[in-house]
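*Asks:* Here is what each chain is made of, one letter per residue.
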Amino acid sequence: MTKTTRLVFIIAILLMLGSFIHLKKSNSELAQTISQQSQVGQ
Amino acid sequence: MNSKIELGAYFTTILVLAGLLFQEGQKRVDLQSQISIPPQELYKKLSNSQTKLQIIDIRSDQSSYEDAHVPGAIPLYNCDFLKGNESTTKNIFTFAPTIIVSENGDENVFRDCAKNFTQARNLAGGMAAWSEEGLPEDSSEYSPPKLSGGGGCL
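Chains as they are written, first to last, in our numbering: chain L, 1 to 42; chain A, 1001 to 1154.
Just chain L, with the same shape it has in the complex (with noise of 0.2 Å):
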């Protein structure tokens, strides 16, 4: 495997773990935004 594919294969990887993170705090903020509107509602 060349230097070259190595590199191309970690930037995949560490640009979709990027994502994943992303996602994940946004959800989790997303889920308390509704749970304090639900509260709030009730």
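Please note that a few of the clues may not be correct.
Said to hold, decoys possible - Here are the simulated lysine-lysine pairs, DSBU-like style, with alpha carbons at most 30 Å apart: (1) A:1027 x L:25; (2) L:24 x A:1052; (3) A:1052 x L:25; (4) L:24 x A:1044; (5) A:1045 x L:25; (6) L:25 x A:1044; (7) A:1090 x A:1044; (8) L:24 x A:1027; (9) A:1052 x A:1027; (10) A:1090 x L:24; (11) A:1004 x L:3; (12) A:1044 x A:1115; (13) A:1045 x L:24.
I should point out that these hints are in silico values taken from the structure, not numbers from a laboratory.
Computed from a predicted structure; not experimentally measured.
Once you have looked at the hints, place chain A on chain L.
*Replies:* Frame of chain L, contents of chain A only:
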């Protein structure tokens, strides 16, 4: 390290991450459907020509729709696809991001209808709130978009 093992490890990691991303994406769609969209926010989204949203008006009678409706809304009385006019229902895409407009934004009515769509959000307060905010309304029968048409505005 053996090149084949290394390659396998990379592919496995990518596959696992893709699965996790897909799962979180589904969760995101589910969560978003639980948050109603306020009329002002919907108006801003509609004003942005790059936003592609489908608006479905599920109020029960035709006269309410013809009196006033959100610009571009497609009527689907009581959210009943079977009773819907064929020329209307063929313009409804169940997989498109959808805003459901009811009389007053009732959550139960929304949930019943949202089952038919993959990405649906409720208009908070329904058509009553839209009118109260004084936002633009259309008042005519539904006419399907023309194939040659384009560049519409509110």
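*Asks:* Hint by hint, note whether the structure agrees.
*Replies:* Outcome of the hint check:
| no. | hint | in the structure |
| --- | --- | --- |
| 1 | A:1027 x L:25 | 12 Å, holds |
| 2 | L:24 x A:1052 | 25 Å, holds |
| 3 | A:1052 x L:25 | 26 Å, holds |
| 4 | L:24 x A:1044 | 27 Å, holds |
| 5 | A:1045 x L:25 | 24 Å, holds |
| 6 | L:25 x A:1044 | 26 Å, holds |
| 7 | A:1090 x A:1044 | 27 Å, holds |
| 8 | L:24 x A:1027 | 9 Å, holds |
| 9 | A:1052 x A:1027 | 21 Å, holds |
| 10 | A:1090 x L:24 | 36 Å, violated |
| 11 | A:1004 x L:3 | 14 Å, holds |
| 12 | A:1044 x A:1115 | 26 Å, holds |
| 13 | A:1045 x L:24 | 25 Å, holds |
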